Amino acid sequence: DTAVSQTPKYLVTQMGNDKSIKCEQNLGHDTMYWYKQDSKKFLKIMFSYNNKELIINETVPNRFSPKSPDKAHLNLHINSLELGDSAVYFCASSQEKVGFGNTIYFGEGSWLTVV
Amino acid sequence: GENVEQHPSTLSVQEGDSAVIKCTYSDSASNYFPWYKQELGKRPQLIIDIRSNVGEKKDQRIAVTLNKTAKHFSLHITETQPEDSAVYFCAASMSFISNFGNEKLTFGTGTRLTIIP
Numbered sequence: 040d041t042a043v044s045q046t047p048k049y050l051v052t053q054m055g056n057d058k059s060i061k062c063e064q065n066l067g068h069d070t071m072y073w074y075k076q077d078s079k080k081f082l083k084i085m086f087s088y089n090n091k092e093l094i095i096n097e098t099v100p101n102r103f104s105p106k107s108p109d110k111a112h113l114n115l116h117i118n119s120l121e122l123g124d125s126a127v128y129f130c131a132s133s134q135e136k137v138g139f140g141n142t143i144y145f146g147e148g149s150w151l152t153v154v
Numbered sequence: 006g007e008n009v010e011q012h013p014s015t016l017s018v019q020e021g022d023s024a025v026i027k028c029t030y031s032d033s034a035s036n037y038f039p040w041y042k043q044e045l046g047k048r049p050q051l052i053i054d055i056r057s058n059v060g061e062k063k064d065q066r067i068a069v070t071l072n073k074t075a076k077h078f079s080l081h082i083t084e085t086q087p088e089d090s091a092v093y094f095c096a097a098s099m100s101f102i103s104n105f106g107n108e109k110l111t112f113g114t115g116t117r118l119t120i121i122p
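The listed protein sequences derive, respectively, from chains A and B.
So for the first sequence, our numbering puts the first residue at 40; every next one is plus one.
So for the second sequence, our numbering puts the first residue at 6; every next one is plus one.
Bound-form chain B, shown alone (with noise of 0.2 Å):
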């Protein structure tokens, strides 16, 4: 099955500074790739995701970057603000034609960001 490792565990980072967090995966076959972003005692909620058939995707402050050669993706979050601070996952699945409801996400072991004032 999908293996995604994700470092580091933790991050600190000055406010304004920019932060990558890295993932690799282990499955070739996977094609879709979200970030969830958990606040303290809150939900996962997506911030942004890419598909294999790109290679970068940016949401104002946030981007994402997939090499599928090398199976590693990447978070980028530039000009850090203090509500950046919370626990971000990456996650890879195998999105199928058909076969509805076996899309299983794997999740990384999470980033606790922390963004100093």
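In isolation and in its complexed conformation, chain A is listed as follows (with noise of 0.2 Å):
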């Protein structure tokens, strides 16, 4: 009964391939998230969703394409890989709290190699 649940957790992948990360949250949360965290451990968002609608795109290259089929789904798709992209993705999901902020929850991580 895993809340938030992301696939795979492992990729290794070769430089201009592309790929994607799966992640669903049985939480009924409305809100979710994709963040990275790179090798020196910094953790920076880089997408919000509301109940399917792209709230939060924070500069991140056009290569990745988030896509929300329902509240409860949120994939990243990411075209021709580079060797930056290497890093640990995030997904989480939250329940607003008005006022008062949320806990976000995350998944387990998917840890991406770009070789």
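If you are wondering where the hints come from, they were derived from the structure by calculation, not from laboratory data.
Keep in mind that a hint or two might mislead.
[What the hints assert, rightly or not] Distance condition first, Cα-Cα at most 16 Å in a straight line; then the derived EDC-like pairs of lysine to aspartate or glutamate: (1) B:47 to A:77; (2) A:91 to A:69; (3) A:80 to B:10; (4) A:83 to B:10.
[To be verified] Pulled a few chain A residues facing chain B out of the computed Cβ check, cut under 7 Å: (5) 80; (6) 82; (7) 84; (8) 95; (9) 103; (10) 142; (11) 147; (12) 148.
In this text the structure is predicted, and so the values were computed from the model without any measurement.
Glycine included, every Cβ here is placed at the ideal spot set by N, Cα and C.
Reconstruct the complex from the two isolated chains, following the hints.
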């Protein structure tokens, strides 16, 4: 009964390839996110969606295209992979509590290595 | 946009001693400050959070303090144990009354805490 699940957990691929990471949450949350954690452990938001609508797009190259078929799923497709895309990608979700912040629940992460 | 600075980047303490991690934020409109713990190879998980209407919050061995005037907040872990070894992240965000999904958490750069047995 994993709350936020993402696949694959590990992905090794060559430069120039296109790959996708899938994410699903069973918490009934309205908001989903993609975060990137680089080799120095910096955690940075890439996108957020609320009820399938893109809310935050944090100046990510347009090779990265998120897609949310419904509010429980947020997939990330990456075109023309580059060496610098190697990182851990965390999917996350949250339920807004009006005016007082909300807890973000992270998935297990997808370790992407571009060679 | 918001900028969160976190210190120290690494911290080693003897088991049983206390550990303190400090963060500062730049946007005075930020009103929500969570702390996440990330064990090696695992996902970040919320351990405690504080909202701008309180100055301190405790949960067993963990406490967080917030100074809105100075724009800094701190995590205090008392009676540290080996299982406290992890990377800790502070974060800040501005929570709107509406505009759902636009609550962007800005994370600090992390503190690697090592508890020495």
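Right, here's what the structure says about each hint:
no. : hint         : in the structure
1   : B:47 to A:77 : holds (14 Å)
2   : A:91 to A:69 : holds (8 Å)
3   : A:80 to B:10 : holds (14 Å)
4   : A:83 to B:10 : holds (14 Å)
5   : 80           : holds (5 Å)
6   : 82           : holds (4 Å)
7   : 84           : holds (6 Å)
8   : 95           : holds (6 Å)
9   : 103          : violated (17 Å)
10  : 142          : holds (5 Å)
11  : 147          : holds (5 Å)
12  : 148          : holds (6 Å)
Hint 9 from the list above is the single one not met by this structure.
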